Amino acid sequence: EDQVTQSPEALRLQEGESSSLNCSYTVSGLRGLFWYRQDPGKGPEFLFTLYSAGEEKEKERLKATLTKKESFLHITAPKPEDSATYLCAVRASNTGKLIFGQGTTLQVKP
Amino acid sequence: GAVVSQHPSRVICKSGTSVKIECRSLDFQATTMFWYRQFPKQSLMLMATSNEGSKATYEQGVEKDKFLINHASLTLSTLTVTSAHPEDSSFYICSPGDPYEQYFGPGTRLTVT
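Here the protein sequences line up with chains A and B, keeping their order. The numbering of the first sequence is our numbering, which starts it at 1 and goes up by one. The numbering of the second sequence is our numbering, which starts it at 1001 and goes up by one.
Simulated from the structure, these hints should not be mistaken for lab results. Keep in mind it's a predicted model, so treat the numbers as computed, not measured. The reader is advised that the hints may include incorrect statements.
Claimed, not checked - Among the chain A residues that face chain B by a calculated CB cut under 10 Å, a handful are:
hint	residue
1	Phe-34
2	Pro-44
3	Thr-85
4	Leu-87
Quick reminder that beta carbons are idealized off the backbone N, C-alpha and C, glycines included.
Excised from the complex, chain B in its bound form:
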């Protein structure tokens, strides 16, 4: 199956700063990348879908100016949380799109203080 990495695995930042999360598809060329968010004891919620070389499509209720997604290559997608606030603290997980088996990255735990 697809091997997906995320960096960093954990990050703590101060309120008002920006944080960039990298997602790499190590053995699979991902034309589509999904970004999910998971709050404690809750399930995964899709935030946005990005296609390589084009703008991301955001789910209802997700601020596109706050969560900047870049999918510049088939192996790398980034999620930048701008002007982070404590309510943005969550577990962020990427998933390269695959028509048959969809794999997920190990996740990034973001804590905003």
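Bound-form chain A, shown alone:
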């Protein structure tokens, strides 16, 4: 069964304190691992898509990496405006559907 597990469920950081969010997955034929940011009351905002182990992508203070079993979202020197829920999803090759993890809610305090 295709499954996505994110950890931790919640993370509190001080401004400038770097950390990583984890996304572990099992899927029959990966057709992309997606990271999204979601603010309260809004739809998910696309961040990255990763396709193969070893791939990395960066955007401002965020860097996403991928292995055969998990992905990490590294946040370098976070700012309060990075506070949000970060969602990870995988697309299975046999269905084409996105399967989401439960998300990590990040709070960055000034």
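Fit chain B to the known structure of chain A by using the hints.
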């Protein structure tokens, strides 16, 4: 990236009435549209997948007669919640299918009283 709009952004309706939610793909021709539901403090759950001009495919546990999906054009899909009940109160989000980057609409908050 794809620009997606939803209307309305918020709706309150009485139990037993029907509500229609519109999803427009403004700069992308979506042959496939995904509809998701999100309950408070939970992640997104796929409800159904629709292809332009054909019937939607519903996920297990989603009542197709209750959640009517129409995908009549490449830029417009609608979700109608029929005979709404309080347990249907949720955040509904559409997403046009894209093979590489999948974008989401801003969501519609439905409250059934």
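Interface hint status, Phe-34(A) versus chain B (Cβ within 10 Å) | Interface hint status for Phe-34(A): holds (6 Å vs cutoff 10 Å).
Proposed interface contact between Thr-85(A) and chain B, which counts if any beta carbon pair is under 10 Å | With a minimum Cβ separation of about 9 Å from chain B (threshold 10 Å), the hint on Thr-85(A) holds.
Quick one, is the Pro-44(A) hint okay against chain B at 10 Å, beta carbons?
-> holds (5 Å)
Does Leu-87(A) pass the interface check with chain B, least Cβ-Cβ distance below 10 Å?
-> Holds. Min distance 7 Å.
When held up to the earlier numbered hints, the structure conflicts with none and fits them all.
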